[in-house]
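Asks: Input sequences plus hints: build the corresponding full structure.
Its first residue numbered 0, the sequence shown is counted upward by one per residue in numbering that gives the first Met the number 0.
Rather than coming from a laboratory, the hints here were simulated on the basis of the structure. Where hints are given, some of them may not hold.
[Unchecked claim] DSSO-like mimics (lysine-lysine), calculated; alpha carbons at most 27 Å apart, straight line:
(1) K233 / K213
(2) K208 / K233
(3) K261 / K243
(4) K243 / K217
(5) K102 / K69
(6) K261 / K250
(7) K243 / K267
(8) K166 / K147
(9) K203 / K233
(10) K142 / K166
(11) K233 / K211
(12) K203 / K213
(13) K166 / K211
(14) K97 / K133
(15) K258 / K243
(16) K133 / K112
(17) K321 / K309
Because the structure is a prediction, the values reported are computed rather than measured.
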Amino acid sequence: MQSITALGVFTLLAFGGACSATVAPTVATGNADSASGDGGNSLADGGTATDTGAAVVPICTSTSDCPVSKVACLEAFCDSHQVCNLRPVVDVMSCDDKNECTKGDQCVGGACKGAEVQCDDANECTSDNCLPAKGCDHDNLVKVCNTKDLCQLRACQSGVCTTINDKPCDDNNTCTSDSCSQTAGCQFAIAAGASCDDNDGCTKNDACKFGKCKGVGKSCDDGNPCTEDGCDAKSNCVQTNSSKSCNDGDKCTMSDACKGGKCGGSPKPCADSSVCTADFCNNLTGLCDIAAAADVTACDDGNGCTVGDKCLEIVCKGGEAKSCDDGSPCTMDNCDPVAGTCTSAPIGEGSACGAGNQCLTNGSCKAGVCTGDLKACDDKNPCTQDLCDPASGVCTQSQLIDGTPCVTGKTCQAGVCL
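Replies: Structure representation (structure tokens):
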């Protein structure tokens, strides 16, 4: 059929699988041109097509009117709105995802996908990788490589596992017979009973036993339980201090241990937790004896409502009663002997109070507070603090700090609101 185009712009969205169109029909003045036009713009590339025909026509009437899609795994078709659009091709259609690390690429759900290429060359002397632009890549490694012969040392050279030398099996032990087994590796058979030299001048009759050369030790005991006795390379006896437990023979010490080559212990604790006793250990019996502390020693009688407690004949005696006066004539003050805290409870409402306050008249208790009529001392100056002396009843005024706000927009200066 003849291609008829209308003025419009078509854009194929390869990543969304959609095709959008904006159409503005015009009045025809002649026959229709091809969809590409002289400019060579293809709808599949997102180009435009124009026509000056007199009739208003759709973008397409069938899929054959649509340009070929240039997006892998998507094909053009004429949708129900007579607009060229994109849709996924039939699955398993072959394609190329431009990735050398995949093979057997096929269209699946509108996307080109392939199976992963396996690059393992079964060579332990190469590092196998895959580069999307190149494909399989094998780099030579430098490392010890495996061998079935456990008596050889092998290493990778230029990508090949190469024998370097025979595996050494000498354990430098005169009491073993050294050999190598291709399947088990180094073998060290024990040479029991063979004569040897342990290179120790402080031993004699050296012989192999359980794979080690041992001799009978020279006696260097000095009779001190707090030294480790030994022999040096010159066959001389030497003693070194130890830290092991011992017995110093003192009944008033405990946890005896060696220190500096001597045995000593910690003093046996005899304190009975009372500061009113002077406790000590009797060296003859190892028992604790008790003596009275000085009578002026400070202590705690366990009563939180006493202060200045002192010892008297190994007993702690309470001192003066703790003051709990809160200064209010309208409360009853008490002390809790367990917690040692003071509490105050209001006395009867309306009780007279404030007899000693010359700035208060008609004083009476209310909810534990002494209230009444306060003497008027206000001098009507916002820049002074007005006070009354409770002892004399005399009013006094003191200037507020310069800069203190007084009335709106003004501050105090030398006791005057300016």
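Asks: Hint by hint, note whether the structure agrees.
Replies: Each hint, compared with the structure:
1. In summary, the hint linking K233 to K213 is supported, as the alpha carbons are separated by about 18 Å, within the 27 Å threshold.
2. Restraint check for K208 and K233: satisfied, since their Cα atoms lie roughly 24 Å apart, inside the 27 Å limit.
3. A distance of roughly 11 Å separates the Cα atoms of K261 and K243; the hinted pair therefore holds under the 27 Å criterion.
4. About 22 Å separates the Cα atoms of K243 and K217, which keeps this hinted pair within 27 Å; it holds.
5. As the CA atoms of K102 and K69 are separated by approximately 21 Å, the hinted pair is consistent with the 27 Å bound.
6. Proximity of K261 to K250 is assessed by CA-CA distance (about 17 Å); at most 27 Å being required, the pair is judged to hold.
7. Under the criterion of a C-alpha separation no larger than 27 Å, the hint pairing K243 with K267 is consistent with the structure, at around 19 Å.
8. At most 27 Å may separate the alpha-carbon atoms for a hinted pair to count; K166 and K147 meet this at roughly 13 Å.
9. For the suggested pair K203 and K233, the alpha carbons sit about 14 Å apart, so the restraint of at most 27 Å is met.
10. Distance check on the hinted pair: K142 and K166 sit about 16 Å apart at the alpha-carbon level, within 27 Å; holds.
11. For the given pair, K233 sits about 22 Å from K211 by alpha-carbon distance, which is consistent with the 27 Å threshold.
12. Distance hint between K203 and K213 is fulfilled; the C-alpha atoms sit about 9 Å from each other, no more than 27 Å.
13. Distance hint between K166 and K211 is fulfilled; the C-alpha atoms sit about 23 Å from each other, no more than 27 Å.
14. Restraint check: the Cα-Cα separation between K97 and K133 comes to about 10 Å, which is no more than 27 Å; the hinted pair holds.
15. Pair hint K258 plus K243 holds up; C-alpha atoms about 8 Å apart against a cutoff of 27 Å.
16. Between the alpha carbons of K133 and K112 the distance comes to roughly 18 Å, so the proposed pair stays at or under 27 Å and holds.
17. Only pairs whose Cα atoms come within 27 Å are accepted, and K321 paired with K309 is accepted, the gap being roughly 15 Å.
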